[in-house]
Amino acid sequence: MSILEVKGLTKSYDGHPAVAGIDLEIKDGEVFGLLGPNGAGKSTTISMISGLVKPSAGSIRIGGVDIFQDPLASRRLIGVVPQDIALYPTLTARENLAFWGHMYGQSGADLRKRVDEVLELVGLADRANQRIDKYSGGMKRRINIGAGLMHRPKLLLMDEPTVGIDPQSRNHILDTVKELNRQGTSVLYTSHYMEEVEVLCDRIAIMDLGQVMACGSLNELRLLVGDKDVITIQANVPEAKTMDDLRAIPGVDGVSKDDGHLRVVAPYGRKVLGDIVTRLAADGVKVRSIDIKEPDLEGVFLHLTGKALRD
Amino acid sequence: MRFIELAKKDVLLMLRDRKALMIVVVMPFILTAILGGALGGMFREPTSAIGGGFNLMVANEDKGEIGGHVAEVFQADNLKKLLTPKPVATRDEALAAIDRKEAQVAVIIPADFSERVLKGEPAAIEVYQHPDSPLRGSIVQSIATAVTDNLSAIQTATTTGVELWVKGGFLRPQDLAAAANALAGQLQAVGAQAGLQQVKYEAIEPRKGVSAFQYYAAAMAVMFCLFATTSSGAKSFLLEREDGTLPRLLTTPTPRWQIVGGKLVGTFMTALIEMVTMIVATALVFRVSWGHSPLALAIMILAVSVSSSGIAVFIAAISKNSKVADLVSMIFIQMSALIGGSMVPLSVLPEGAKKVSLFTFNGIANNAFVSIMEGQPLSAIVAPALILVAAGLALALIGSRRLAA
Ligand SMILES: Nc1ncnc2c1ncn2[C@@H]1O[C@H](COP(=O)(O)OP(=O)(O)OP(=O)(O)O)[C@@H](O)[C@H]1O
Ligand SMILES: [Mg+2]
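Going line by line, the protein sequences match chains W and Y.
Using the working numbering, you'd call the opening residue of the first sequence number 1 and step up by one each time.
Using the working numbering, you'd call the opening residue of the second sequence number 1001 and step up by one each time.
Isolated chain Y (complex conformation) (with noise of 0.2 angstroms):
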């Protein structure tokens, strides 16, 4: 049949072209290695690339008792699978440490600390990070303003207290380190939910049990797909229609259907060769596992396949030329990798977002193999790759009566 060698040029003519294999083998493997080691903090259980959780140089320099009670909320059972808290006396040498790269984030309770708390002043911790880890750097960031927030929540209520108690006589000012301490239980209870809180913000996506770069490995390798099928398959008929070889092949004895059945299967390879390519791939460098079940991810792999050919025929369909199609294809994949999860997980997004990226090519797809990786039963994949599947034919149907014609 023609269409298999219509096909087979075109696998052929991927493949020949450098800067496009570039592109769509070697930059998803690279974004899978950044994406899934830079965020690996925000995961619940960071694989061993990443070096488990991180240092954190804890000095307190108070010299009032809240400081302590502050130190220990870095203490917490919760926060144990994130970071390792390492007192110190003095900020020189929590400063020091990081400098060394012993550890990359620091927190320093100034002397004043208590002094200011007790007064009613604004009272701040203060957060270093080393340039290399922004992101833990904000994740103590944001423990240390829960801490300091609640702190003048309390403040507000009590110290205006305090100072009543005093001016009316029914405290002593020798009472008031007693009245401290009581603030202090409060303040470690408050601070423990905080960081109890930010470790549940953390760890609730993208799955349980799904590492980083698990993640991002399917994340990629979806939407990799799409850029593959948009750029060098279906795209490649509205290339060859201005370089001259379509019209030429229009004045063969091959009919228009083979030509554009050609396309499809040329374009549903091409989705093939880039999916298992970033399996195999990233299995083996990353150690990634893709889950137990090689039957779902056979299927997954096709139904994945199949849409991102459906949807790149479509696009081809409905561009004038080659660089709208470019256009119309960029725009496309990053709406529906950003809102589908592929580029930061879901968790980070707002509700709206979560119920939306459920209706995207890369949503659907990425919580599809993350299932897989979980080890759900191959009935938690059915439904994705039925929709998967319809909306790829239904797609490619529609673009290829339009490209035929």
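Bound conformation, chain W alone (with noise of 0.2 angstroms):
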């Protein structure tokens, strides 16, 4: 059962596609990352699934429900947080918090209980009475996922959540996440940070310009720039046949040099390590020190186009 369906999901601004042709899928329960660069049409889909959008092209069902055909039944089914934050400065986090509650419906004692269960579940219970242009930014985002989380949402949609906070507020966020998961909300995460993505989701997919490049767990994307470690070596230059005889080495796929950095690309980098550093030791280069990676999203990313995540 899955709990979104997106299929052939396009939008063009004047001619140009912002999204173009996009199909996704998230599981009931699942935790999903959206990851690409600035630009890369992250928030025009959220915008296009919440209902704020209407796409060029494509179809969206939220709980096996078409949002064209039955709108407000698909808005009961989701919670949406905002890039920027959407709530009311001169608001109190417990007012803004019911604000969105009788928005969502919700009155009376339920609503009041679900206010102080919010307040608790993004660790603000003990600030509720202050007003929220007193919060840091950190604060101020987490009031802002609690306004999304009054009603229960069964998907969640966040759009970069953490955007410039400090750490503390990042981690009490990623572990909110986490603990909603962990009571039944599937969640829609997008992000720019491959590290976010990779601890919190269960499967991701990878965009940019508009296009999906990528989707699976963690492994799959690392399986499409094949399982092999990169050793990473500083040392003082070697002479071409140092390089040879590197290459002679059973195991190693490849060597590269750029300034100051010796690149080895092998399947099982450990195994190659001593043979690699007793030839430099034989042909006198200085080695000063040694870097082994398994290949990241970071890896993913440039493997699949050509360019680094972040600038």
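Hints should not be assumed to be uniformly reliable.
The following label-pair restraints were derived from C-beta to C-beta distances [claimed, not checked]: (1) Ile1030/Y <-> Gly137/W: 37 to 43 angstroms; (2) Asp175/W <-> Arg1256/Y: 33 to 39 angstroms; (3) Val1356/Y <-> Ser12/W: 46 to 52 angstroms; (4) Gln69/W <-> Leu1012/Y: 33 to 39 angstroms; (5) Asp23/W <-> Ile1398/Y: 51 to 57 angstroms; (6) Val1280/Y <-> Asn171/W: 51 to 57 angstroms; (7) Gly1352/Y <-> Gly137/W: 55 to 61 angstroms.
Hint data in this document are derived by calculation from the structure and do not stem from the laboratory.
For glycine and all other residues, C-beta sits at the position ideal for the given N, C-alpha and C.
Take the two lone chains, each set in its own frame, and fit them into one complex as the hints suggest.
Rendered as structure tokens:
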């Protein structure tokens, strides 16, 4: 059963596609990451799913409901956390949450109880009666999330919820998402921080220029680059003979150098590391540091698009 | 209903906005005090707060007789409500009284006044005013000008006559004094008439029996009601669009008509709060009487609130963003206030403007409130109330359809 099903979703502005025919599927109970650089089309995608932007083409079903056929029903299922904080600065955290609860049809004792729960969840129960214009950026972001949680949505759409905040608030937000997911909420999480997506998401779609470049679990995406380690060695640049010697080591796939760095690609880096160091010592090359890395989303993105995720 | 919660939120936001509150609550109050007090002299029955009329020092230094007649012009009965003349002998005494603030304005008739008049030379009356009383000064100035204007008209007509008589031997030089006396008699009549015109001009408006404080309390309440609805009411629809809270609202299962309905109700509540606050505050602080018909007053409060809400929603609907809405509102408010007689009593405006004012929001509303203050029957406000409500509902309908789209 999937909570979200998007097919051929397209949005063009003056003939320029911001989103160019993407397919997405989020299964019930999943945290799904949408990773992409600035301008990739993440917010446009979220806006279409939340019914704010009319797609040029494509279909969107939330919990099996076509959002254009029954917009009110589909909106009851989603909670939206906008990229920019959308709250009333002169109202307190409690007043803001209560207002948004009302907009989801809550009232009375139910509403009051839920406000307290949400305040607890985002960790601001002790500041509940303070106007949020007195809050730090991170605290505002947490209430911004809380406002989207009031009605216990089945699917939470979060658009870069951690942009520009302190590590403490960021960790709190990541913990909140995990907790919500544990309680059964499916999440569509948009970010251009690969670390966040790596730790949070069951599956990830990598987006660039309005297209989904790849989609799958972290391991599936890693396989796209091949399951090869990258060994980076800082040393005074060796002569051509040394480079050839390194290439001759069994288990080494490739060797490249740029100023001060020697890069060796090997399927099993650790196994060949000893041979490499011995060879370098024999040739009189001074090694300053050695680093072995499994390919990460950064590497995957580099592999797919030929550019870095962040500039 | 969600639109009630939306409206409640808007009212709460307005009450939390100190700066906006200063403008919509404190400003009209201060303006009422300034305009009601400073322009008090332009109304027939100045309130006690202005301290009745003002003292006018009249120094007649004229060696001849005409000066005395001119001085009498200021003693005219029909000026009594406006000013109290205090005759003194010299210019210095008169000016000293102004310095001591015992009088606000002084008129000085120079020593050679009669001589110049009889010689057919231009003769002037000097008017001095205390800097705090520019309006009173200009009132006296206009009376003085009327006197001298009439005087020179008589001069040209008669001095030539006197001269001819003298030259032709009909009149001996020693009879000249008698001739001057006759002239002065004529002058007195003219002068009195001039003073009368002046008082008429000042007393025609706003309307009989309404004090400056009453007039401006109503005018400011109406003007700032419009200001409140356009600045913190309907415009917030555009602000919410810009701040992202409107898009967020649209992601909730709240139908659009409820969102727009909430704005309408919130704007209307803002208007009601503004009107009631102004009426209660001016009644308590300035002892402004808002008439003796609570029913008529309630009807007009509702009518003004409905129409200013309609105007505000319409302006929000036709404006691309909140800055444009601000600009359009300011222009509309200033125009309607100026033409509608909220700034300056209609009496000061030209005839054409008076007619146009009957078609402005401020003009209709101001007139209706003045009618209530004058104690006119309920029927006097039925037409204005209906017009305001009808126009307000029409504008609200057009505006909210546009906003909901
Ligand atoms: N209302 C609009 N009118 C015209 N172009 C738009 C509009 N909204 C978005 N775009 C364009 O669509 C593309 C995708 O924008 P979008 O905001 O979806 O990117 P994003 O992935 O959310 O980026 P970011 O990480 O900066 O938030 C961009 O090139 C943007 O300029
Ligand atoms: Mg974005």
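Do the hints match the structure? See the list:
no.	hint	verdict
1	Ile1030/Y <-> Gly137/W: 37 to 43 angstroms	holds, 39 angstroms
2	Asp175/W <-> Arg1256/Y: 33 to 39 angstroms	holds, 36 angstroms
3	Val1356/Y <-> Ser12/W: 46 to 52 angstroms	holds, 50 angstroms
4	Gln69/W <-> Leu1012/Y: 33 to 39 angstroms	holds, 36 angstroms
5	Asp23/W <-> Ile1398/Y: 51 to 57 angstroms	violated, 43 angstroms
6	Val1280/Y <-> Asn171/W: 51 to 57 angstroms	holds, 53 angstroms
7	Gly1352/Y <-> Gly137/W: 55 to 61 angstroms	holds, 58 angstroms
Going through the hint list in order, the structure does not satisfy hint 5, though it satisfies all others.
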